[in-house]
Amino acid sequence: MSAQHAETPGPAALPLKTIGDIRAALRAGHGFPGDREFFEADLQRALEASSEIDLNAVAAVIVDYRGRIRLYQDPEFDIAVQKGIDLAARLKAEAPDR
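Residue numbers for the sequence shown follow the working numbering, beginning at 1 and rising by one.
In case anyone wonders, no lab produced these hints; they're calculated from the structure.
Keep in mind it's a predicted model, so treat the numbers as computed, not measured.
Beta carbons: idealized from backbone N, C-alpha and C, even for Gly.
Among these hints, one or two may not hold up.
The following label-pair restraints were derived from C-beta to C-beta distances [stated by the list, open to error]:
hint : residue 1 : residue 2 : range
1    : Pro96     : Phe32     : 32 to 40 Å
2    : Ala93     : Ile53     : 54 to 62 Å
3    : Pro15     : Ala95     : 43 to 51 Å
4    : Lys17     : Asp74     : 15 to 23 Å
Build out the structure end to end from the sequences listed, making use of the hints.
Structure (structure tokens):
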């Protein structure tokens with residue numbers, strides 16, 4: 001028998017392969033506040049700015065929001081944000097008065 005890596009199971013990764021998947025995830029509340037509306041607006045702007053043969057701006061929007069959804073799902077994200085807030089508060093408290 002081989003030793004198995006013990007790891008706390010995280011949330012199941014959402015399938016984010018299509019625009020429909022991204023929309024469904026945002027409708028379900030996966031993402032930051034306003035992402036659902038911002039995604040549609042950003043996607044519309046990218047589509048309007050794209051040519052029929054160059055959809056790089058559209059792809060960039062899809063990649064950005066897919067990353068935002070995955071980041072929002074990551075339990076380590078909240079921990080990292082709190083550490084940053086704590087560090088900023090500590091540095092501010094330690095700063096000499098001006």
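Outcome of the hint check:
Between Pro96 and Phe32 the Cβ separation comes to about 35 Å, which falls inside the hinted range of 32 to 40 Å. Between Ala93 and Ile53 the C-beta distance comes to about 55 Å, which sits within the given range of 54 to 62 Å. Roughly 46 Å separates the CB atoms of Pro15 and Ala95, a value that falls within the hinted 43 to 51 Å. Lys17 and Asp74 have their C-beta atoms about 19 Å apart, which keeps the hinted 15 to 23 Å range intact.
No hint from the list above goes unmet by this structure.
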